[in-house]
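> Those sequence lines, one after another, are chains V and D. Oh and the first sequence: position 302 is 302 in full-length UniProt numbering, straight run, nothing missing. Oh and the second sequence: position 219 is 219 in full-length UniProt numbering, straight run, nothing missing.
Careful, some of the hints might be misleading.
Beta-carbon label-pair distances, calculated as ranges [to be verified]:
no. : chain 1 : residue 1 : chain 2 : residue 2 : range
1   : D       : Asp340    : V       : Asn42     : 50 to 58 angstroms
2   : V       : Glu281    : D       : Glu235    : 42 to 50 angstroms
3   : V       : Cys57     : D       : Leu171    : 42 to 50 angstroms
Heads up, simulated DSSO-like pairs for lysine-lysine below, C-alpha to C-alpha not over 27 angstroms straight-line [claimed, not checked]:
no. : chain 1 : residue 1 : chain 2 : residue 2
4   : V       : Lys147    : D       : Lys136
5   : D       : Lys117    : D       : Lys141
6   : D       : Lys216    : V       : Lys173
7   : D       : Lys140    : V       : Lys169
8   : V       : Lys182    : D       : Lys190
9   : D       : Lys205    : V       : Lys198
10  : V       : Lys123    : V       : Lys51
11  : V       : Lys130    : D       : Lys166
12  : D       : Lys136    : V       : Lys130
13  : V       : Lys130    : D       : Lys141
What the hints contain is simulated information worked out from the structure, not anything from laboratory work. Using N, Cα and C, we set each Cβ at its ideal position, and we do this for glycine too.
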Amino acid sequence: MATLKVPAHLPAPSEDVEQLRKAFEGWGTNEQLIIDILAHRNAPQRNLIRKTYAEACGEDLLTSLEKELSSDFERAVLLFTLDPAERDAYLANESTKRFTSSNWILMEIACTRSPHELFNVRKAYHARYKKSLEEDVAHHTTGEYRKFLVPLVSAFRYEGEEVNLTLAKSEAKILRDKISHKHYSDEEVIRIVTTRSKAQLNATLNHYNTAFGNAINKDLKADPKDEFLKLLRAAIKCLTVPEKYFEKVLRQAINKLGTDEWALTRVVTTRAEVDMVRIKEEYQRRNSVTLEKAIAGDTSGDYERMLLALI
Amino acid sequence: MTKITSKVYINVGRFGVSMAPFLFIALVILRLFLSTLHNSKTKKMAHPADVQLLNKALSGIGVDEKSLISILTKTHHEHKRFIRKGCSQFFIEDERQFERWDDSAIKNLKVEFKRFKDAVMLSLMHPWERDARLLKKALKKGPQLYGVIVEIACTRSSDELLGARKAYHSLFERSIEEDLATHVKGTERKLLVALVSAYRYEGPKVKEDTAKSEAKELLQAINNRDKRKPIEDEEVIRILTTRSKPHLREVYQQYKKISGKTITEGLEAEILLKETIECLCTPHTYFTKVFETALREDANEDDKKALTRLVSTQEAGNLKGISDKFAHKIEERVKGAYKDVLLGVLAKGQMSGQA
């Protein structure tokens with residue numbers, strides 16, 4: 001469930017646009033006003049505001065925000081204002097660039113979005129970058145990472161709940177076989193993880209646990225230094241229990257010496273409208289402190305206010 | 001004369017009836033009998049032409065419904081017996097003395113009669129459903145039909161392919177990539193799964209430098225084909241399964257510039273890769289080839305089925321100009337309602353091409 005709070009009495013987009021212009025006017029910027037508006041509108045509403053703003057002011061709202069804001073607060077506002085598909089396309093593209101390269105973010109987007117949402121990301125990627133997502137991912141990865149990530153971002157998984165238990169049994173066996181021989185990037189492992197529907201994969205992993213005594217991720221911890229294994233474990237987590245995955249990302253971002261703002265911003269802005277409620281519950285359960293308190297303790301100023309407004 | 005009459009007269013006796021009327025009636029009956037014999041003789045003489053007509057109506061692609069109707073409406077069963085005796089490619093002499101349909105002929109006829117029905121159904125189908133069903137069939141049949149998977153994945157637009165994937169979900173409750181990955185063993189798996197998963201960019205923007213360097217990579221892979229099969233080369237797969245079609249056409253041109261040959265010339269042994277490149281870069285050549293193969297004398301059933309498949313692909317506009325080339329061959333080898341459908345669709349394509 002989403003944590004985003006939208007006012008019961010919604011102002012017209014033209015009113016919001018007027019308020020935003022006021023926020024940008026003059027010497028400083030009224031950051032609180034920006035938070036009050038943008039952090040309390042859902043995606044269709046924000047899209048409408050952007051459109052209205054462009055018509056009224058002749059400039060993209062994002063361009064104005066970029067001019068007026070800075071640092072982590074700017075990034076949080078920009079990311080949140082974007083339409084979800086565009087946002088993911090932006091993050092994915094960032095992940096293929098040399099200095100901001102990240103296989104994790106690509107995996108996260110590919111595995112935690114619904115098949116339909118993922119395809120919208122691919123469409124948005126075409127529109128924005130005049131290339132396909134898979135061609136950039138393929139071009140910027142090599143070896144087992146390419147073998148894994150390209151099918152992962154290209155998948156259009158079946159969304160039904162139907163499950164074939166016989167298949168689940170046989171595929172659990174295949175996984176077991178490959179893992180025990182340490183063939184972690186074997187074609188069969190990749191095939192199962194990147195093409196099966198989430199329901200089917202869940203059934204397979206449940207059977208794995210029942211039949212072999214350990215959850216698959218436990219068996220995949222055999223080599224703690226293997227980076228590919230880490231990615232594979234995370235992908236499996238994203239596909240089956242995303243709220244646990246996001247809790248971990250948040251925990252590591254906050255506990256890290258100095259805070260990983262990019263990770264924190266990414267999780268909050270991408271999940272506020274999706275499943276932040278469950279992530280918060282998971283966070284409290286695991287850390288014995290609410291996410292709000294943790295964020296307040298670790299961040300400050302407008303950035304803190306923006307994040308808290310969203311969760 | 002008098003003697004006979006009087007003898008006859010005497011034999012009949014007291015009724016006093018003349019024998020002449022009886023003789024007259026007997027003569028009439030004899031004449032009728034002889035004329036029927038004569039008629040069946042004339043019918044006997046018409047049989048060879050009918051045998052030929054039947055042979056022609058049931059050979060080739062599709063069936064000539066009109067000729068069949070004209071033969072069958074001659075109801076005399078003797079007539080049909082002579083036809084059966086005359087058509088040795090459809091009827092064999094059974095050991096118990098009757099002419100029996102040859103089993104393989106029955107099989108063939110089932111296939112030929114079905115063609116029109118398939119053409120109708122496929123043409124009316126939504127393109128998404130059509131492609132999903134074609135993909136499933138090709139997958140089920142195995143390696144000899146993998147070319148169809150390549151054809152669909154590479155000649156449809158990105159959104160048409162997405163539609164086919166959606167329809168596949170609805171029809172088969174699985175994703176096409178999961179079924180492909182499960183059932184295709186061997187080196188083709190990577191290529192086919194990647195082709196079907198692609199959502200290629202469709203804008204015209206092309207980077208010439210990238211095209212040049214990728215042409216070089218392809219050339220290298222093809223020159224090394226004795227050491228490693230190009231279909232197993234990661235970079236070959238990457239380029240062919242992720243780049244946009246305009247980009248690949250540029251790569252095709254660059255390749256010609258630097259090597260003096262076309263990419264497909266170096267890939268004669270790798271049929272699937274060759275077809276991939278043809279479909280992506282020169283679809284017209286590919287479709288012409290499919291038509292040619294289907295209309296050859298020694299075409300097998302899979303080759304012929306391509307005709308029905310391409311008929312419904314006409315919307316793709318890839319069949320422009322093909323009608324002229326093949327109209328004569330189609331007239332010769334294809335029959336009946338099925339032929340009318342083919343020619344009609346090709347003519348439509350010609351018209352829309354001119355529009």
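> Against each hint, give a clear statement of whether it holds in the structure.
Do the hints match the structure? See the list:
The hinted range of 50 to 58 angstroms is satisfied by Asp340/D and Asn42/V, whose Cβ atoms lie roughly 56 angstroms apart. One distance hint, 42 to 50 angstroms for the beta-carbon pair Glu281/V and Glu235/D, holds here, with the actual separation near 46 angstroms. Our hint of 42 to 50 angstroms for Cys57/V and Leu171/D holds, since their Cβ atoms are close to 49 angstroms apart. Under the criterion of a C-alpha separation no larger than 27 angstroms, the hint pairing Lys147/V with Lys136/D is consistent with the structure, at around 25 angstroms.
Note on Lys117/D and Lys141/D: the hinted pairing holds, with a Cα-Cα distance of about 21 angstroms set against a maximum of 27 angstroms. About 43 angstroms separates the Cα atoms of Lys216/D and Lys173/V, which puts this hinted pair outside 27 angstroms; it is violated. Using a Cα cut-off of 27 angstroms, the hinted pair Lys140/D and Lys169/V holds, with the two alpha carbons roughly 23 angstroms apart. Distance restraint check for Lys182/V and Lys190/D: the Cα-Cα separation of roughly 22 angstroms lies within the 27 angstroms cut-off, and the hinted pair is therefore satisfied.
With a C-alpha separation of about 36 angstroms, the suggested pair Lys205/D and Lys198/V falls outside the 27 angstroms cut-off, and the hint is violated. Using a Cα cut-off of 27 angstroms, the hinted pair Lys123/V and Lys51/V holds, with the two alpha carbons roughly 19 angstroms apart. For the suggested pair Lys130/V and Lys166/D, the alpha carbons sit about 24 angstroms apart, so the restraint of at most 27 angstroms is met. Taken as a hint, the Lys136/D and Lys130/V pair is broken in the structure, with Cα atoms around 32 angstroms apart against an allowance of 27 angstroms.
About 37 angstroms separates the Cα atoms of Lys130/V and Lys141/D, which puts this hinted pair outside 27 angstroms; it is violated.
This entry does not satisfy hints 6, 9, 12, 13, going by the numbered hints stated previously.
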